[in-house]
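Asks: Based on the provided sequences and hints, a complete structural model is requested.
Each chain, letter by letter, is given below.
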Amino acid sequence: MENVIEIKNVTKRFKGFSVENINFHVKQGFVTGFIGANGAGKSTTIKMIMNLLKPDSGEVKVFGLDYKTHEKEIKERIGFVYDGNVFFEGLNLKDIKRIVAPAYKNWDDAIFHQYVDQFELPLNKAVKTFSKGMQMKASLAIALSHHAELIIMDEPTAGLDPIFRRELLDLLQELMIDGKRTIFFSTHITSDLDRIADYIAFIQSGELVFNQTIHDVVENYVIVKGGLDLLDRDTEKDFIHIHRASTGFEALTDNSGAVQATFGDNVIIERASLEDIMYYLKGGLSHV
Amino acid sequence: MFNLIRRDVILQKRQLLFFIPVILVFIIAGAPPILTFLVASIFIPFNTYAYDEKVETNILLNSLPYTRKEIIASRYLGAIVYMILAICVTSLALFVFDTPFTMTDIGISSGLFLLFSALTFPLFQILKPGYITTVVLISFILLTFLTRPVGLFVTEHLTGIIDLIINLSVAILYTGATLITMGIYLTSWGITTVIYQRKAF
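Protein chains in written order, with the numbering used here: chain S, 1 to 288; chain C, 1001 to 1201.
One thing to keep in mind: the hints can contain errors.
Selected chain C positions facing chain S (Cβ under 8 Å, derived; list incomplete) [said to hold, decoys possible]:
hint, residue
1, R1007
2, I1010
3, Q1015
4, E1056
5, T1057
6, I1059
7, N1062
8, L1064
9, P1065
10, I1071
11, T1102
12, F1116
13, L1119
14, Y1196
15, A1200
16, F1201
Keeping only pairs whose Cα atoms sit at most 25 Å apart, straight-line, the calculated DMTMM-like set for lysine to aspartate or glutamate is [as the list claims (entries may be wrong)]:
hint, chain 1, residue 1, chain 2, residue 2
17, S, K27, S, E275
18, S, K72, S, D108
19, C, K1069, S, D198
20, S, K94, S, D109
21, C, K1054, S, E76
22, C, K1128, S, D56
23, S, K132, C, E1070
24, C, K1069, S, D66
25, S, K68, C, E1070
26, S, K27, S, E73
27, C, K1054, S, D198
28, S, K47, S, E89
29, C, K1199, S, E6
30, C, K1013, S, D194
31, C, K1069, C, E1056
32, S, K54, S, E120
33, S, K47, S, D229
34, S, K105, C, D1163
35, S, K180, S, D161
36, S, K132, S, D194
37, C, K1054, S, E149
Quick caveat, the hints were computed from the structure, so don't treat them as lab data.
Quick reminder that beta carbons are idealized off the backbone N, C-alpha and C, glycines included.
Replies: In structure tokens, the structure reads:
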């Protein structure tokens, strides 16, 4: 099985917002970062992958299985971390473990305690007294203690201080060493992804813009800077978005090869960061 | 499934400390045994809903390897399990305090509890979180107050029905009541499952 998550023609409509006809897959053994601005549809998509929301149309398959017939088998193999605390606030970690652990066939107490020690988590304090970082660590300890093959995280780094963010990313990297695990996580902090992601899926206004290896993204997307006199109807074709100023233009393209061929040495070509891509694409998907 | 039922006890460790004192207050105040049994039965299952009305709890339960059917089944089966436990504890307390009670008391109170649960459980899935506990408390108080006037009204004006019931043998009466209660409980279970399966979190 190569694809752990498969989403086919999925549409979900709400009042004033919709996720339209999304198609993508998450490959086994890799880290896929799911990026997009706030409200782009990241959480909605993750909720559909977790079967918390049902798509209006289309198909969601996890491990090649369908939620209709294999809900429990699928969830046995997923570890989840959400943005907010979903555990009973008033309980301490020990009691939360007592509730969560028996739900999984593969729960491993030794691993759980290893993470509790590693993260220096108190077992007897109510979770609501935890800081945001500690709550995240607690969720993570629980998500990692049942030998999950797929780890799904919704904005795990939001609200964390830079030091813990790095620790978390290092930890995720360690988890990937055995090569069988898959991590799918959403974020709007794009610098997280440069460090660990293999694939980037980018969603905007409920539509998937691309799902490529980070290498391809770096190769294909570049920022082009040059004088305004270089722009005409033909040369503009290859740009996704153009920002014009009196001093010249700055534009984003997803086809660096073509731009190179058109302009040659007349323009400056720079690597586009994920943030650049998100920023320029916000101007609209249509080619200018 | 058993884990989902057991979860209530872990969640309510502290509230359970109040369980015995509350029962004792009812007994000492001389409340009718039916009422004591009823309040004791309601304690755990309805406390659970104070937690489960939260969206986060539903996100958690639905992300764990449980199906939505199981989550609802655990509520309905759990209510029966905790009712039985509550009846045992209450009987013991009544016995210790030398308060007489009959099997009929237990029968009527568990029937009332099951009916009350059957009527309110689907509501929990429809009403907005935050209002649920209030609605249940008010409806419980209203029901308690309304039972007597409604009963009197029925005795005065609907003598036909009363005659019919009186003419039935005790065995048929009890069997009938049990079957009707069970029917309503099972129907409610089905309705709640359907509503819950369509919910989005």
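Asks: All hints, please: hold or fail.
Replies: Structure-based check of all given hints:
Because the closest C-beta pair between R1007 (chain C) and chain S is about 5 Å apart, less than 8 Å, the hint holds. Hint status for I1010 (chain C): holds, given a least beta-carbon distance of 5 Å to chain S, under 8 Å. For Q1015 (chain C), the interface hint is violated, the least distance from its beta-carbon to any beta-carbon of chain S being 10 Å, above 8 Å. For E1056 (chain C), the suggested interface contact is upheld, since its CB lies about 4 Å from the closest CB of chain S, less than 8 Å.
Among the interface hints, the one on T1057 (chain C) holds; its C-beta lies about 7 Å from the nearest C-beta in chain S, closer than the 8 Å criterion. Interface restraint check for I1059 (chain C): the shortest CB-CB distance to chain S comes to about 5 Å, inside 8 Å, so the restraint holds. Restraint check, N1062 (chain C) versus chain S: the minimum CB separation of about 6 Å is within 8 Å; hint holds. The restraint placing L1064 (chain C) at the interface with chain S holds, with a minimum CB-CB distance near 4 Å, inside the 8 Å limit.
Of the supplied interface hints, the one on P1065 (chain C) holds, with its beta-carbon coming within about 4 Å of a beta-carbon of chain S, less than 8 Å. At its closest, the beta carbon of I1071 (chain C) sits 11 Å from a beta carbon of chain S; the interface hint therefore is violated under the 8 Å criterion. Residue-level restraint check for T1102 (chain C) is violated (minimum Cβ-Cβ distance to chain S is 38 Å; threshold 8 Å). The beta carbon of F1116 (chain C) comes no nearer than 25 Å to any beta carbon in chain S, farther than 8 Å, and the hint placing it at the interface is violated.
A hinted interface residue such as L1119 (chain C) counts as satisfied when its beta carbon comes closer than 8 Å to some beta carbon of chain S; here the least separation is about 27 Å, so the hint is violated. About 12 Å separates the beta-carbon of Y1196 (chain C) from the nearest beta-carbon of chain S, more than 8 Å, and the hint is not met. At a threshold of 8 Å, the smallest CB-CB gap from A1200 (chain C) to chain S is about 5 Å, leaving the interface hint in force. Given the 8 Å rule on beta carbons, the hint for F1201 (chain C) holds: about 4 Å separates it from the nearest Cβ of chain S.
Restraint check for K27 (chain S) and E275 (chain S): satisfied, since their Cα atoms lie roughly 24 Å apart, inside the 25 Å limit. Proximity of K72 (chain S) to D108 (chain S) is assessed by CA-CA distance (about 18 Å); at most 25 Å being required, the pair is judged to hold. Between K1069 (chain C) and D198 (chain S) the CA atoms are separated by roughly 37 Å; this puts the pair beyond 25 Å, and the hint is violated. Using a Cα cut-off of 25 Å, the hinted pair K94 (chain S) and D109 (chain S) holds, with the two alpha carbons roughly 11 Å apart.
Between K1054 (chain C) and E76 (chain S) the CA atoms are separated by roughly 23 Å; this keeps the pair inside 25 Å, and the hint holds. Restraint check for K1128 (chain C) and D56 (chain S): satisfied, since their Cα atoms lie roughly 23 Å apart, inside the 25 Å limit. Between K132 (chain S) and E1070 (chain C) the alpha-carbon distance is near 32 Å, which puts this suggested pair outside the 25 Å criterion. Pair hint K1069 (chain C) plus D66 (chain S) holds up; C-alpha atoms about 17 Å apart against a cutoff of 25 Å.
Note on K68 (chain S) and E1070 (chain C): the hinted pairing holds, with a Cα-Cα distance of about 14 Å set against a maximum of 25 Å. At roughly 19 Å between alpha-carbon atoms, K27 (chain S) and E73 (chain S) fall within 25 Å of each other, so this suggested pair holds. Of the pairs offered as hints, the one joining K1054 (chain C) and D198 (chain S) is violated, with about 36 Å between alpha carbons and a cut-off of 25 Å exceeded. The suggested pairing of K47 (chain S) with E89 (chain S) holds, with an alpha-carbon distance near 22 Å, which does not exceed 25 Å.
Note on K1199 (chain C) and E6 (chain S): the hinted pairing holds, with a Cα-Cα distance of about 23 Å set against a maximum of 25 Å. The suggested pairing of K1013 (chain C) with D194 (chain S) is violated, with an alpha-carbon distance near 46 Å, which exceeds 25 Å. A distance of roughly 18 Å separates the Cα atoms of K1069 (chain C) and E1056 (chain C); the hinted pair therefore holds under the 25 Å criterion. Of the supplied pair hints, the one linking K54 (chain S) and E120 (chain S) is violated, its CA atoms being roughly 38 Å apart against a limit of 25 Å.
Restraint check for K47 (chain S) and D229 (chain S): not satisfied, since their Cα atoms lie roughly 48 Å apart, outside the 25 Å limit. For the hint linking K105 (chain S) to D1163 (chain C), the alpha-carbon distance of about 58 Å lies beyond 25 Å, and the restraint is violated. Pair hint K180 (chain S) plus D161 (chain S) does not hold up; C-alpha atoms about 29 Å apart against a cutoff of 25 Å. As the CA atoms of K132 (chain S) and D194 (chain S) are separated by approximately 24 Å, the hinted pair is consistent with the 25 Å bound.
About 29 Å separates the Cα atoms of K1054 (chain C) and E149 (chain S), which puts this hinted pair outside 25 Å; it is violated.
Going down the numbered hints, you'll see the structure goes against 3, 10, 11, 12, 13, 14, 19, 23, 27, 30, 32, 33, 34, 35 and 37, while the others check out.
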